[in-house]
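With the hints as a guide, dock the two chains, each given alone in a separate frame, to form the complex.
In order, the protein sequence lines correspond to chains A and U. Residue numbers for the first sequence follow our numbering, beginning at 32 and rising by one. Residue numbers for the second sequence follow our numbering, beginning at 1491 and rising by one.
Hints listed in this document are in silico derivations from the structure and should not be mistaken for laboratory results. Nothing here was measured: the structure is a model prediction, and the numbers come from that model.
Residues from chain U that keep clear of chain A, each with C-beta distances beyond 12 angstroms, as calculated:
1. Tyr-1513
2. Glu-1516
3. Glu-1553
4. Pro-1583
A few chain A residues that face chain U, going by a derived Cβ cut-off under 7 angstroms, partial list only:
5. Arg-151
6. Met-154
7. Gly-158
8. Val-163
9. Val-164
10. Glu-166
11. Pro-168
12. Ala-178
13. Asn-186
14. Ser-277
15. Leu-284
All residues carry an ideal CB built from backbone N, CA and C; glycine is no exception.
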Amino acid sequence: MEKDVAIVGVGQSTFVRSCGMTTRELCYEAFAEAMEGINLQPSEIDASIICSAPEYDKQRSPAGVIAEYLGLIPQPTFYVESVCSSSSTGLRVAYSLIKSGLYRTVAVVGFQKMSELTSREAMERMGRGADVVWESPFGLTMPAGYATYATAHMNAFGTEQKHMAMVREKNSGYGALNEKAVYRKKLSVEDVLNSEMITYPLKKFDCCANADGSSCIIVAGKDVASKITQKPVWIMGLGAANDTTSMSGRKVLTGLKAAKDAADVAYKMAGVGPEDIDVAEVHDCFTISEILAYEDLGFAKPGEGIKLLEDKETYLGGKIPVNVDGGLLSKGHPIGATGGSQVRTIFRQLRGEASDIQVDGAKIGLVHNIGGTGIYGNVTILGV
Amino acid sequence: MGFERFGVVSFASETLASDFITYLDEGKVMATKCRACGEVYFPPRMQCTSCFSTDIEWFDVGEGKLATYTVVKYGPLGFEDDTPYTLALTEFPSGVKVFGRLDKAIAEDDIKIGMALKPATVKLPDNRVSYEFKKI
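The following block holds chain U by itself, in its conformation from the complex (with noise of 0.2 angstroms):
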């Protein structure tokens, strides 16, 4: 329970790796590694398809740099208010991707491929609860 508190719209109420949510209310964007064979995943998951092992551990994505972006002028159903916004594909040290939006505080020229970001969780209206980028 608690994943319908994540992003600004929500598909989903149930995961097995809920406790993201629980782990970015504190602050932290958490990805998963699979302790039997050290595959690391993102999204996260807790069921291992390299090796069939249900052993899984999080850890902090940590820093990471800019891998691509684009800035949405026009939002789909549930999102007009929100425009315009950047999402980014941010790719860190362990090898994980991770998708999501830009602080809207970085201005659209500043944004360049390469850029170094941290995430950091982002309280939305109604306790629902997001990450984004942030320039380091």
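Bound conformation, chain A alone (with noise of 0.2 angstroms):
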């Protein structure tokens, strides 16, 4: 395994429905605990990249503010994103950065804070993450945008919507161990499939629920890392693709292609293939979503995702244990914060420090994350 950059320092908030937080303090919540217990101080950070979506923002260029009130000043920081996947692309930019040798140590923190819009205004924007010139004056929205892989899926391979609920069923199972999640109750198929319908063929417990929150993720190169921590995690491969933004363009309609293509350059990056994954965080935004990546990423032939679930292999104690934290179905999705999140979970699981959760002798973990209805494609591979 190549041990060039390291992640030695991880941090998410409690993600909530309203947080009452200014963005900078909800950045600082994540920020605390990802610097907390390693041997860096704030001024030892060359760099900081702030990610999220800018339309939720009242601020104008959130960057300056945020790495100012994190003490990150006068080092340089900038803004990234790529709507829902803004943490990952953070993380490769942070990763690029760091192996070009410009920095040794440079601080990814994402955040989104949703709950000043309302569910209406958040559905807008994020139909405006779609081709707003072509697409957005149907009323296409997200959930609309994944709903439509789902009618595909079901019709190429007879998936039903109950298949959907059970991904909803396990990752709310894990949801109720994991405090820092929006949403920690229980729900079994039955409670999704009585849901109201939201977008056929997606219920509203098909659905993540927006959320506010911040996660913050430390990269620092080799000549630095074991000095940060005893126990550094190495990212072994990065994978990032993008398909077009409108949906006339797509090739595909049971499968999201930039995340297929992230995959295979993430695993010839690591030399590993899907067999080698100890456990994975996949972006559940809908449950349909996270039956594509399990084909998408090669846990499982197309059309056959759903006998993972069937067969509970994706489960704790499974061949391939998905989104065992609760995923973003259970967990909320403040966009610009979720890859950080999953990063995270991945990075608790490597050390053997997920209690509860932990996937014995996980060694190899992955994070798939994926911005817009399936636009922005990233896969990400860490081992110890």
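Below you can see the structure in the form of structure tokens.
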């Protein structure tokens, strides 16, 4: 395994419907947790990358004010966005900056405060993550985009709504254990199937919730990583790809091509395959998204993702446990913070610090983080 | 100019492809094709990235088949009064796919992937214009 760039600290705020804080205060929560117990001062961090989706913020150019509040001045800071995968993109940029030799340590801070908006306003902004010229004028929303994939998957492979509900049942069971999750109630398949329809075939409990939250990843080069922490987690592979923003341009409708393309790159760079992954965090913004992820990541063949659920292979104790922190469906999805939260879960798993949800002996973990309806695919493979 | 008339709520006022609206007013849903290299485009565009030509022509998309769909019950800001509406992706013989709405006259139970569809112009209040897919 290449040991060039490591993650040395992770943190996240509690994800809640309404945080009662400013965005800078919210970011402090994650930063403070990431810095806890490591041998690193804010003044020793060479640069910061602030990640969110800007249309939720009143603050124009949020990087400056957040870096200032975290004590990360006069070091350079800048802003990165790829909607729901912003902090995975931030991690990718941090990796590149360290690998280039420009910096030794970088803080990646993701955040989103969505409670300033009503649900319909948030949905309208998310809908504008689609092609605003040609497709948003029809009333396209994020759930509707994913629902078109669900319909195509059902038609091609016989997937049913009950299979999607099984994803929520699984993830809600683990979400109940996650004290930082917004939604901690266990839900059954019946609860999901009986919930109100949002956009056929997706029902209310097939969808994750908007939330306020922040995340932080401290990234360091090999020269300093082992001085900052005794247990660095190494970045083995990073894959990123993008697909057409317009639905009209999509070549594949039964999976997310950007995710598959990103996974291919990440596996190749890491020198591992899907069979080598011990634990995974995937972008379950909707239940169907997790099933697509199983197939796009190669955990299952196309159309066979539901078998993993039926055989409980993605549960703790299964072949490839997925989203054992409750996933976006339980944690909530403060979009700029989500990737960092996923990385935090895998970091703790690989260090054997995941307590109730620990996958025994996990050595290699994977994060799958998607921006928009399959526009930006990001796959990160970590190892110890 | 004129593109601000497109759709229930539009977010762009101008495009090089604004003739799309002129054709819509005539009842036609058109895509574009590069005269130099033959590449076809929907959404329509007047700049080819396959060969960097700007010699582009319009063509009628014709009749297609439903590729996938969703029935939206909960609409975003600006679309609250429209629900339920069905968003559909229709595939045409030229290879282009067109995203839009399905005719509300088609009952939800009658929607089938693969069904034959033809786009038609929809006139909206305040001189706005859009298109939808009708059953053939």
